[in-house]
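Respectively, the protein sequence lines represent chains X and B. Heads up, the first sequence is in UniProt numbering, so the first residue is 1 and it goes up one at a time. Heads up, the second sequence is in UniProt numbering, so the first residue is 1 and it goes up one at a time.
The reader is advised that the hints may include incorrect statements.
The calculated lysine-lysine pairs, modelled on DSS-like cross-linking and capped at a C-alpha distance of 30 Å, are [unchecked claim]:
hint, chain 1, residue 1, chain 2, residue 2
1, B, Lys90, X, Lys9
2, B, Lys207, X, Lys19
3, X, Lys9, B, Lys129
4, B, Lys290, B, Lys247
5, B, Lys135, B, Lys179
6, B, Lys179, X, Lys438
7, X, Lys438, X, Lys222
8, B, Lys114, X, Lys3
9, B, Lys207, X, Lys3
10, B, Lys247, X, Lys222
11, B, Lys152, X, Lys3
12, B, Lys128, X, Lys3
13, X, Lys9, B, Lys247
14, B, Lys69, X, Lys222
Derived from the structure by calculation, the hints contain no laboratory data. Keep in mind the model is a prediction, meaning the values are calculated, not measured.
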Amino acid sequence: MNKLPLIIKREYIAKVRNKSFVVMTFLSPFLMVGMILLIAYLTQLNDTEKKVIGVLNESGYFANEFVTSEATSYINFKDISLAKAKDSTVNLGFYGLIYLPNESNLEQVAQRAFFYSKDAPSASVLDKLESSITGRLRQERLRELGMSPKEYAEMDRGYNINIETFDGLQNIKGINEIKAIIGGAFGYLIMMFIIIYGGFVMRSVIEEKTSRIIEVIISSVKPFHLMMGKIIGTSLAGITQFGIWIVSGAILLFIGLAIFDIDPASLTKGSGVAPGMANTTNVDVDALTQNIQLYAQEIFEIPIFAMLFFFIVYFVLGYLIYSSIYAAIGAAVDNETDTQQFIFPVILPLMLAIYVGFFSVFSNPNGPIAVAFSLFPLTSPIVMLMRLPWGIGEGGVPVWQLITSIAILIATFIGIVWVAAKIYRVGILMYGKKPSYKELYKWLKYS
Amino acid sequence: MSHILVANEVTKQFGSHTALKNVSLEIPKNSIYGLLGPNGAGKTTLIRIINQITYPDQGSVYFDGELLKPEHIAQIGYLPEERGLYKSMKVGEQALYLAQLKGLSKAEAKKRLKYWFERLEIGDWWNKKIQELSKGMAQKIQFVVTVLHEPKLLIFDEPFSGFDPINANIIKEQILSLKENGTSIIFSTHRMESVEELCEYIALIHKSEKILDGKLSDIKKAYKSNIFEIGLETDNDQLLLNDMQDKFQILSQDYDSIEKQLNLRVQLPSNESRDILAFLGSRANVNGFKETIPSASDIFIKTIQNKNIDNE
Chain X
1 MNKLPLIIKR EYIAKVRNKS FVVMTFLSPF LMVGMILLIA YLTQLNDTEK
51 KVIGVLNESG YFANEFVTSE ATSYINFKDI SLAKAKDSTV NLGFYGLIYL
101 PNESNLEQVA QRAFFYSKDA PSASVLDKLE SSITGRLRQE RLRELGMSPK
151 EYAEMDRGYN INIETFDGLQ NIKGINEIKA IIGGAFGYLI MMFIIIYGGF
201 VMRSVIEEKT SRIIEVIISS VKPFHLMMGK IIGTSLAGIT QFGIWIVSGA
251 ILLFIGLAIF DIDPASLTKG SGVAPGMANT TNVDVDALTQ NIQLYAQEIF
301 EIPIFAMLFF FIVYFVLGYL IYSSIYAAIG AAVDNETDTQ QFIFPVILPL
351 MLAIYVGFFS VFSNPNGPIA VAFSLFPLTS PIVMLMRLPW GIGEGGVPVW
401 QLITSIAILI ATFIGIVWVA AKIYRVGILM YGKKPSYKEL YKWLKYS
Chain B
1 MSHILVANEV TKQFGSHTAL KNVSLEIPKN SIYGLLGPNG AGKTTLIRII
51 NQITYPDQGS VYFDGELLKP EHIAQIGYLP EERGLYKSMK VGEQALYLAQ
101 LKGLSKAEAK KRLKYWFERL EIGDWWNKKI QELSKGMAQK IQFVVTVLHE
151 PKLLIFDEPF SGFDPINANI IKEQILSLKE NGTSIIFSTH RMESVEELCE
201 YIALIHKSEK ILDGKLSDIK KAYKSNIFEI GLETDNDQLL LNDMQDKFQI
251 LSQDYDSIEK QLNLRVQLPS NESRDILAFL GSRANVNGFK ETIPSASDIF
301 IKTIQNKNID NE
């Protein structure tokens with residue numbers, strides 16, 4: 001006579017029907033997509049805002065540099081003093097004033113040039129100005145050296161060292177970052193799920209305690225079954241929620257982008273590349289396409305099915321371990337405010353795992369720190385997943401590490417569930433003051 | 001087999017605290033058995049052992065002749081003192097869930113719930129949430145849920161707390177009718193008036209030990225102290241009293257001026273009342289003559305006090 005399915009069903013339905021759950025499930029995608037769209041819209045807005053900059057050019061150079069473009073208008077002041085030009089700029093409400101003094105040569109002019117503005121100027125404006133001036137300077141310097149711009153471009157062509165693993169697989173730069181993002185996303189997902197749904201399990205236990213139904217129920221079922229039913233039921237509700245989020249989020253994002261006519265590429269465009277760089281570095285188009293192919297090939301070589309499989313394995317084990325701890329915490333206290341003291345030590349390893357992941361795994365996926373934390377059971381679900389995009393077996397995570405880490409995880413799971421179930425069994429019938437760690441330890445010895 | 005439950009030298013420890021010490025009980029079938037004791041005596045621990053919520057360190061418990069095992073849970077109904085229901089769940093759903101946990105099929109549970117809801121006139125609560133009901137209403141649901149699976153043994157821990165007198169009476173009648181239909185009932189309380197009304201047998205638990213048990217009427221007989229209440233009518237009260245004081249021990253006396261009657265409480269050496277009746281018969285009109293039977297409450301207090309004195 002197994003009552004576990006009954007309990008799972010009740011916990012699932014209770015969670016799914018909960019008003020705040022429904023609101024969160026259906027509102028979050030709108031909020032998220034709304035936020036993305038807002039950011040995209042604001043970015044575009046920012047880009048399209050036309051800036052007007054005054055130019056007071058007393059030098060004989062830079063006649064062709066400051067010409068009105070789509071993003072910026074340049075208004076030339078002529079035959080007025082700098083003070084007057086400044087006043088006019090302020091009065092006309094221009095963004096700023098570029099001042100190029102009358103000096104004997106181009107280098108001197110550049111040295112003495114000033115940009116005046118009301119507030120500190122934005123980085124993009126400065127970039128633009130600086131690159132204009134740099135471009136002109138380079139031209140002049142090249143002329144002095146007697147070199148044509150074409151020759152210079154030839155000389156400046158970038159170089160990438162060829163990289164290869166020992167077994168001859170071609171490697172490319174930058175792929176590590178992509179792998180890191182994929183691994184990081186998986187790890188982060190696990191952490192969020194554990195914290196959110198562990199919290200749900202804990203609150204559900206506290207609710208049964210405060211409503212005093214607990215003794216009624218455990219006179220019918222074993223506390224262990226109730227605890228496991230609760231954990232499983234709540235996680236199924238969580239999976240439902242994630243499923244709805246992913247599907248509806250994707251649909252909404254698609255619709256939203258279509259409606260607002262926003263180019264998705266503009267969202268992912270990195271801001272790290274300063275404008276102006278592009279026209280100074282010579283881009284070899286052929287090389288780029290070749291690189292893209294290589295990236296695609298590398299991404300396809302990330303063991304995506306293995307990753308999904310291990311994601312599920314680590315996710316399930318990690319979630320079970322943590323949510324049994326959460327259940328035990330819920331059982332030990334009478335109300336949510338008392339949980340803080342116990343929750344912090346639980347969240348700590350999760351945070352640690354994420355930080356270790358970002359600072360150590362990504363720079364050295366097979367280094368000693370990465371290996372240690374991907375074996376330690378409280379961090380392995382996150383850290384191991386961050387390592388997995390580098391593959392399994394040669395070049396990636398050695399198989400023995402994978403097996404060891406899962407074995408340790410399973411052993412820990414059994415141990416922790418055993419301890420948690422003991423605390424749970426005693427705790428659910430204890431009312432009154434918050435127990436100390438010492439008392440929790442004593443509970444373990446009750447039969 | 002005449003006992004629904006037999007506990008044999010049950011001992012239970014929580015850390016250094018002994019909750020139960022060598023407690024043995026025999027609970028006859030088809031009776032109401034009062035489990036009495038002050039707060040913290042160990043009643044709840046004993047009940048939890050019977051419900052297999054916790055397990056004895058030593059000793060054994062037999063249910064209907066068999067060693068207590070998980071399957072017996074379906075044969076036991078338990079209304080805990082600390083009780084409640086899911087606040088945001090609907091009455092009907094909740095009752096069905098709890099009934100299914102006790103092993104009833106959904107269809108059977110529904111049928112029986114209909115019957116009980118009609119019997120207690122609460123049919124229109126089916127779709128209400130517990131948080132919309134008053135405490136007394138929720139208690140009724142709780143009672144129904146406890147008895148729904150028609151267990152052989154019902155355990156009520158302070159069943160009347162939370163009920164107003166009218167509803168308490170309804171529940172009392174239900175308990176009595178369940179007993180009529182063959183259910184054995186353990187009734188844990190420290191409210192002595194309900195013990196008098198309901199219990200055939202009692203056990204008194206004090207400081208983790210059973211200090212008294214048996215049939216309530218037998219216990220009462222054993223606790224009789226041969227005190228008699230006598231109502232007399234005479235021409236000269238003072239003369240009579242003077243005569244009596246030589247022969248009998250008068251505990252108290254007072255004159256009822258409305259009834260014109262002298263009320264006495266007299267302690268006799270045995271429960272032999274012939275002498276005093278003969279003595280009084282020739283001197284006064286005997287309007288009332290009654291032996292004082294101790295109440296369950298008296299027995300409770302007296303036993304515990306004696307026990308405390310013994311321990312000191």
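ask   = Which numbered hints does this structure break?
value = Violated hints (numbers, rising): 2, 6, 9, 10, 13; every other hint is consistent with the structure.
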